[in-house]
Amino acid sequence: MPRSLALLALAVCMAGCGRAGDRDDARAVTERFLTALDRGDGTTACAQLSPDTRAALVDEEGKPCREAVGSLGLQASAVARLQLYVTNAKADLANGDSAFLSQGAQGWRLSAVGCRPARGKPADAPYECALEA
Amino acid sequence: MRRHGLGLFFGAIFLAALIGQAIVGHADFNHAQAAHHGDPISLWRYVTSSEFGTDVFENWQSEYLQFTLYILVTVWLVQQGSPESKPLDRAGTESDEEQKIGRHADPRSPRWAAAGGLRTSIYSNSLVLVMAAIWIASWGLQAVAGRIAYNADQLDHQQAALNLWQYLGSSDFWDRTLQNWQSEFLAVGSMAVLAIYLRQRGSPESKPVGAPHDATGVEG
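Chains as they are written, first to last, in numbering that gives the first Met the number 0: chain Y, 0 to 132; chain U, 0 to 219.
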């Protein structure tokens with residue numbers, strides 16, 4: 000019986016241990032990004048993007064991130080649901096958009112924003128995103 | 000200590016192998032993190048993660064399934080010439096007398112073997128019941144942990160996560176399951192057949208070296 004209890008504890012732990020802080024962080028990063036965009040604060044918005052995602056935006060737009068990020072046309076919206084698995088997360092917004100996050104050297108950062116499910120089964124096809132790394 | 004050498008030896012090498020798996024699995028996970036510009040995670044976080052959990056439990060469930068099946072099917076199925084098999088004429092659950100149950104129990108028999116009724120029925124199948132329970136529990140944990148690890152990959156590729164029901168029907172779950180099952184079934188089947196013709200002097204898993212190939216149910 001002690002072995003069964005230890006296994007159960009491990010399973011519960013794997014599903015949830017240490018995740019509460021991560022969930023709060025991932026949610027806060029997403030909300031900070033959207034609020035900053037709404038206020039026109041490109042510097043703060045860009046700080047919430049992962050280095051690869053920032054580089055992709057600069058590449059695509061040919062101007063600094065803080066100037067380019069406003070042209071994505073994203074609207075502020077509340078985080079309606081957050082899913083977090085190991086070092087990856089997805090925030091579903093009330094307006095139907097989704098954002099993807101990953102945990103990097105600087106903590107949780109957005110790897111893709113303005114995402115909508117592509118045609119077909121969402122589990123099989125990657126979302127189509129306004130910006131991704 | 001010498002009287003318990005078999006259990007102690009396997010307990011020790013199990014722990015050594017599990018620790019080794021944790022160390023190299025952690026290094027491999029962080030290698031993949033680096034490839035995706037991710038942050039390395041600590042060893043503790045790795046061993047409490049679903050990535051480690053699913054790798055452990057998928058192997059446990061297949062091992063316990065293997066022994067559960069082997070205990071069960073060797074009641075009825077025999078293999079001529081194999082030390083893993085009972086003599087050909089003893090297939091089945093055998094008589095109470097042969098099994099020393101109820102009034103046939105001797106003074107040193109376990110209490111539940113002599114008790115009769117439900118207790119003896121339970122005790123008569125207790126080995127397979129416990130092995131099957133561990134198999135089901137570890138298979139369930141494989142599913143729970145495997146889904147979390149799978150969903151981490153899904154989100155990394157901007158794909159939707161699966162719920163547990165969807166994951167149970169996924170190719171990932173069945174690929175992890177069947178790749179372990181096939182190796183267990185091969186190993187146990189080949190052991191039963193190879194032991195007809197081959198010998199290991201001194202091992203109870205083998206017939207005596209001089210035993211004929213058609214001698215069944217003889218252990219050296």
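No lab work stands behind these hints: they were computed from the structure. For each residue, glycine too, the CB sits at the ideal point set by N, CA and C. Hints may contain errors.
As the list claims (entries may be wrong) - Each pair of labels, with its calculated beta carbon distance range: (1) U:23 / Y:54: 47 to 57 Å; (2) U:10 / Y:37: 58 to 68 Å; (3) U:62 / Y:34: 26 to 36 Å; (4) U:139 / Y:66: 49 to 59 Å; (5) Y:77 / U:34: 45 to 55 Å; (6) U:18 / Y:54: 56 to 66 Å; (7) U:34 / Y:69: 45 to 55 Å; (8) Y:75 / U:23: 38 to 48 Å; (9) U:75 / Y:106: 32 to 42 Å.
Status of each hint after checking the structure:
1. U:23 / Y:54: 47 to 57 Å: Violated: the Cβ-Cβ distance is about 32 Å, outside 47 to 57 Å.
2. U:10 / Y:37: 58 to 68 Å: holds, 60 Å
3. U:62 / Y:34: 26 to 36 Å: violated, 52 Å
4. U:139 / Y:66: 49 to 59 Å: Roughly 52 Å apart at Cβ, these two residues keep to the hinted range, so it holds.
5. Y:77 / U:34: 45 to 55 Å: Since the Cβ atoms of residue 77 of chain Y and residue 34 of chain U sit about 34 Å apart, the hinted range of 45 to 55 Å is violated.
6. U:18 / Y:54: 56 to 66 Å: Cβ of residue 18 of chain U to Cβ of residue 54 of chain Y: about 39 Å, so the range 56 to 66 Å is violated.
7. U:34 / Y:69: 45 to 55 Å: violated, 32 Å
8. Y:75 / U:23: 38 to 48 Å: holds, 45 Å
9. U:75 / Y:106: 32 to 42 Å: violated, 59 Å
Hints 1, 3, 5, 6, 7, 9 from the list above are not met by this structure, while the remaining hints are.
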